[in-house]
Every structure is written in C-alpha cells, then in structure tokens.
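Residues per chain are reported as follows:
Protein chains: 2
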Amino acid sequence: MSQCLSVALDCMGGDYAPQEIVKGGILAAKDLGFKVFLVGDEAKITSLLKSEGELANPLLEVVHAEGVIGMHEPPSNVLRKKSSSLHVAGRLVREGRADALVSAGNTGAVLAVGKFIVGAQELVERPSIGVALPNPKGKTVLIDVGANVDSKPKHLVQFAIIGHTYAQEILGIENPRVGILSIGEEEGKGNELVKETYPLLKETGLNFLGNAEGRDIYSGKFDVIVCDGFVGNVVLKTSESLGLTVVQMIKEEIKKSFIAKLGAVLMMPAFNRFKKKADFSEYGGIPLLGAKKPVIITHGRANAKAIRNAIRVAGEFISHEFNRKLMENIERFTPEVKRTTVGSG
Amino acid sequence: MSQCLSVALDCMGGDYAPQEIVKGGILAAKDLGFKVFLVGDEAKITSLLKSEGELANPLLEVVHAEGVIGMHEPPSNVLRKKSSSLHVAGRLVREGRADALVSAGNTGAVLAVGKFIVGAQELVERPSIGVALPNPKGKTVLIDVGANVDSKPKHLVQFAIIGHTYAQEILGIENPRVGILSIGEEEGKGNELVKETYPLLKETGLNFLGNAEGRDIYSGKFDVIVCDGFVGNVVLKTSESLGLTVVQMIKEEIKKSFIAKLGAVLMMPAFNRFKKKADFSEYGGIPLLGAKKPVIITHGRANAKAIRNAIRVAGEFISHEFNRKLMENIERFTPEVKRTTVGSG
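Protein sequence lines, in the order shown, are assigned to chains Y and Z.
Just so we're aligned: the first sequence equals residues 0 to 344 in numbering that gives the first Met the number 0.
Just so we're aligned: the second sequence equals residues 0 to 344 in numbering that gives the first Met the number 0.
Next comes chain Y alone, as it looks inside the complex:
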C-alpha cells in the first residue's frame, strides 16, 4: 500500500463541488488504485463518503480545510487564505505527503498554488500551461496558454523544451515538430519577441520547423506551438467560444426548417462523437508543466469522470517520469548563448 501514488484533491473548488469532486476521488481510488487525500469541509466530505458506502476505504483520507477560493475571487487571495482547501491541498504536495495536485477550482488560484506553493521544478524558470488541442490527425500542444504574460525569448525557449517533453513523453509523439506562433511563415515575420526567439530556437537542436500561423494551430502541421501566455490564452478562449457560437448559429438556422430539424436528429450520434473528440474535459484537465509535482487544472464544470481522468493524467506524469526527462531535455536543448538573457524588455 505504501507504493501507491497519492493525489491531493481539492474537493471544494469547481461548479459541482464537493459532490462530483468527491465522487471523482472515489473512482480514482477504486478504478486506478490511487491514494486520494480529499481536502475540504470534513463534515460534508464524510457525509458523501458515507452515502457512497466508502467510509472504510483505506485509499480515501479526508483532510479538513476551512473555506474555498471563489471562482471569481482574485486568484492571489489563495496565498493568504492558508486554511482554504486549495492551499491545504498545495501544502500536502509541497510537504511530500501527496504526489500530485488536482483542482477544478479558480484557475488563476490553482496556478498560483502551483507556482508558489508546489513551486517550480529545478532548472525551470517559469512553469507554463500546455494544452493538447485536437486536429484531424492528432493533437497539437499549444504552450503557454496563460501561466505567464510578457514572456522573454529565453522563456519561450523553455516553453518549447517543456512542450517537446510533454508531446514526446505524455502524448507519445516521436521527435515532435516545434513551431513558434507568428503572423507569417518566413523567418523575420512577427513581432520583436518572435524575431528574437527564432534564432535561439534554431540553436536548440529541437525539431524546429519555424513560424507557425494561427491557421496551423488546428491543422496538424506542428506538434508543439510556442507562444506567450497572453496570446495563447486569447487563442484558447476564442476557440472555445467560436465552437459554441458556430453551434448556436447552426441551431438558429436549423430551427427555420422541419427538414433540417430531422437532419439534425439523424446526425446527432456523429455530432456527439465529434464533440467527445473536441471536448477538453475528456482529456482530464490541463497540466501546469514544470512544477515540482504534477498540478492538473480541470474545467470548473468538471464532473466525477473528469476528475477521475485528471487524476489518471497526474499519474501518467509520474509513471512516465516527466520531470526527470524534462530536466534532461533542458540540459540537452538549452542554447548556451548569452543572447538568451538579452530579452525584449
């Protein structure tokens, strides 16, 4: 029993907390054999465990915490609210009692706990968020999508190495094709940050193909696309919203015709299969890459299954020895040039 992986699960964050979160923790213990620290209001969690008949499960341990960081609360509050479920869960990881952190709570607050309580992995300057976006042929990792803004060239180089490691070790992509997000294909196109980062990426020894454009994010031409967290976050949120808008606009048009309504009904199973492929929650959350231990941020709307998947993903980072390989890659690919410190601002 001492060998099993353990996860600190913030049971109070997210739209369906604590019910769905606790249920997800139970699934992870039962299906995956994880030791799960259920962090939050002890009375509520215990009552849920009781009604699920899991009070005696030795893999489930309740850790009491008072309070929660609200979904619209300033994320930095979490660093002051030391008794909040998220802070307590973060400390369990920091202190080595848990091997990973999973939360469906306030994304910014989870990030803050990942960066400042769990802390950055050795050699990593800025932990960053990589998201594996679907394309017709597979997945493309976009990194960073919001952990850092106003990044410097040396940070983008690290994002590339982190993204490469994620694509190779977790997504199983051999020799990932790496690009830098820009606004033209040729070298020399882009803003100052891109122009300064491009030559550094050429020196890394990564499989660097050059500039990627917005249209390449979903084309499958690249396995890893590097960008500043401001741009990446805007792209990610635009994508989610555009998908919803397209569906809504098509629905409006379908409403206008009985035949179209019938067609929509017949298409539903195919459409649902597509939705499943495109749905982030199926992937079990988004990892903060480069933290000392895996930190998985799930969607606020995460249900029990999404939480279970997020815990499974955390386990993959551990069993694939992601952090050890990341350190090796940083040592291998970081260009030994002083230019990396001559950033754009």
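Incorrect hints may have been included.
Said to hold, decoys possible - If you only want the chain Z side, here are some residues facing chain Y, beta carbon under 7 Å, derived: (1) Asn56; (2) Leu58; (3) Val62; (4) Val148; (5) Asp149; (6) Pro198; (7) Arg214; (8) Phe229; (9) Val230; (10) Leu241; (11) Glu252; (12) Leu261; (13) Leu265; (14) Arg272.
Claimed, not checked - Cβ-Cβ distance ranges computed for the label pairs, FRET-style: (15) Y/Met70 with Z/Glu72: 44 to 54 Å; (16) Z/Ser75 with Y/Gly69: 45 to 55 Å; (17) Z/Glu330 with Y/Leu170: 47 to 57 Å; (18) Y/Leu78 with Z/Glu191: 17 to 27 Å.
To be verified - SDA-like cross-link-like pairs, simulated, lysine to any residue; straight-line CA separation at most 25 Å: (19) Z/Lys260 with Y/Ser256; (20) Y/Lys194 with Z/Glu195; (21) Y/Lys136 with Z/Val246; (22) Y/Lys188 with Z/Arg125; (23) Y/Lys220 with Z/Glu251.
Derived by calculation from the structure, the hints in this document are not laboratory data.
Built from N, CA and C at the ideal position, the CB exists for glycine as well.
Position chain Z relative to chain Y; hints supplied.
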C-alpha cells in the same frame, strides 16, 4: 458622369486573376455605376472585356501595368516594383484619379501600398485593419488584425477610436460598446500593454466597458474589441482554421454512418445559410482603416461577386464620409494626456 465614384482595381492579384477580378469590375460598373480603372496586363484585360462584350463601356478604363506581386513574395517588394499592377493602382489613388483601391493580391503588399503609397489620413498614426466578425446577435469589430505589431498604448487608443467610427458609421451600431482584449475581466488583468492602455481608454469618452476576453470575440458582448495586430492576426487565422477543422472532423464522423449521411443532406440548406453568414467573402473584403482613401483587401480566393462587393464597400466608406467622421472622432476622443507617449517600449 464626372460625379461617379471611381476605384482602382488591381486586376493581377489573387488566385483567380485576372478573369474573376475583371468580371467583378464589370459588375461594379454595371450594377453600381462605378468608374473602374482596370489595372494590369492590357492585352489580357482587353481580351476579357471583349469576350464579355464590354469593350465600349465608358465606365471601364484599362490602365496598363507590367508584372504582379506574387502571393508568397515579400510584401515590401511592391514598393520597389513600381510598374506592378498594385503599385500603379496605388498611384492612381494617391494622385487623385481614383477614389479607392481594391485588391485581392498579396495581403502584406496591399497593406504596404495602403500605408506608404495611399498614405495615412491626417491625425492617424497607424492605419489598422478592422474585421467585422459574426456573432449570434450581429457583428463585432476586431481591430487591429495585422497591420501593426508591437503597438504602443497610444496606438491602441487610436484603434479604439477607428473601430468605434467603423462600427458606428459603416455597421450602423449606435454608441458602440468598446473593449480591450485581455486575459481576465477585471481591470489590472493582462499584459503590460493592456494595463497601460486601460486607463487611457477610460478617459476617451468612448463607451468603454473594460477588458474583453477571447470568449467575447464571438459572444456579442462588445461591438469593438481592440488589440495589437499580432494578437488580432493570430485570432483571425485561428478562427478561420478552427471552422475548417470542425467541419472536417464532423465530416469524418458523418462518413461512418449512413443515417448520419442522410441527416447531413437534409441539413445542408440550413448549413449553407450559416456558412453564408460566417463567410468573410460575403462582406466584400477587409478595410484598411485610417488610410487617406478607402483601401479594401479581399481574400485571395475572391471571385467576381466578392470583388463587386468589395467595390460596393469602398463606396460606402466614401458615401458615409468615413474619413471626415474619423478625424472628428480622433479630435473628440483622444485623451489630452502626456501619458499616451509613455509607451511600453
């Protein structure tokens, strides 16, 4: 006849040049009463006019030019290639013979001609590209989508005023709701550029609602969203590509089932109506806003109808006195503060 509006039409740029471009020019002359300068290879254009039976149309005037800027050529080449169709068309506008420029050619090259040959309108520091994106309730102007990178706060303030003028005068939106693209709703969220621009926008007197997120671009919550051209270009190209990817992935799923195929056939008319709403080419191209005279950049794939629509749009900018109103708005809304010159770089 001297009263009619005139347009310099680059007949050699675009995937379907010169045939579709010349046909589009003919439509504009016949349907809209425009005087059209058909700029390009005289022999080819004359032969097309002849086969269309329009050689004697007094509204159509061929202006010979040698050579064309290739779609993948470095855009700056156009400034050296003075005999190219795009350069000659630009000069017709600069010299006052034509009231507007329309081209389906190399986007960067059209931009360069707009900025450096047609030139910026008085008081405008950086002409910028605004695109009216569809949302379920109407349109949202995203500005700038690629005319400028590494913009400073004072430039974003001008983009806001230009976008406001576009939304109000051309799209007919009363008191447009203006936002700045960022990665969080609250004031203080974002990168340095956003944080410095925010207080300036509050002082403009525009109907400024604060930060917009990626998800707001297609939500209809804002009428104008301001951003640096790097971010805007990435968002625009991502959107186009995501649309195509979604359609392709849905098609793959539909192929797997006969019933779904039948459903798709029944839905087709509704789907085509949606596509028409979402299709940029239906809008007749994207304007470079803040140039001395209207410059309309159409998609490289523009057909005759798209060219005709682009010429119609150019005419609207003139008949709505866009430039006069833009100057009034710049005088009215620009904050008289020195802070505007203390940029981020």
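**Message:** Are any of the numbered hints broken by this structure? If so, which, sorted upward?
**Reply:** The structure conflicts with hints 1, 2, 3 and 6, although it agrees with all the remaining ones.
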